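Chemist: Sequence:
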Amino acid sequence: MLQVSLAHAPNPDIPGGYWDGPPEDGCSAKSVETLADASRAVRSYITRNNLGSGNWAGGEVYQGPELVARISYNGRIWGLDGTALAVPE
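All residue numbers for the sequence shown refer to the numbering used here, where the first residue is 11 and numbers rise by one.
The hints are all genuine.
Quick list of simulated restraints, FRET-style, between CB atoms:
| # | residue 1 | residue 2 | range |
| --- | --- | --- | --- |
| 1 | 20 | 84 | 17 to 23 Å |
| 2 | 34 | 89 | 28 to 34 Å |
| 3 | 85 | 11 | 19 to 25 Å |
| 4 | 97 | 27 | 30 to 36 Å |
Hints listed in this document are in silico derivations from the structure and should not be mistaken for laboratory results. It should be emphasised that the depicted structure is a prediction, and the values quoted were computed from it without experimental measurement. All residues carry an ideal CB built from backbone N, CA and C; glycine is no exception.
Hey, can you work out the whole structure from these sequences and the hints?
Modeler: In structure tokens, the structure reads:
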């Protein structure tokens, strides 16, 4: 089981920090089965909360206490060495 962090922060380039005001969804962690599921959870959270890339502050993927990957704003999955990971849907 994996955990992906879902988090947002005010964007300093936007007056008030958000396009439509702060999202109702707080910051949390979501349990997922696969890295592809983590990517989908990230994009869903971003879309649901109308976040811009400057608001996105989550995406760390953990397996237990170990950080194993990161998910960027566009849903791309990155290894800890900075290389993009090809993950089957």
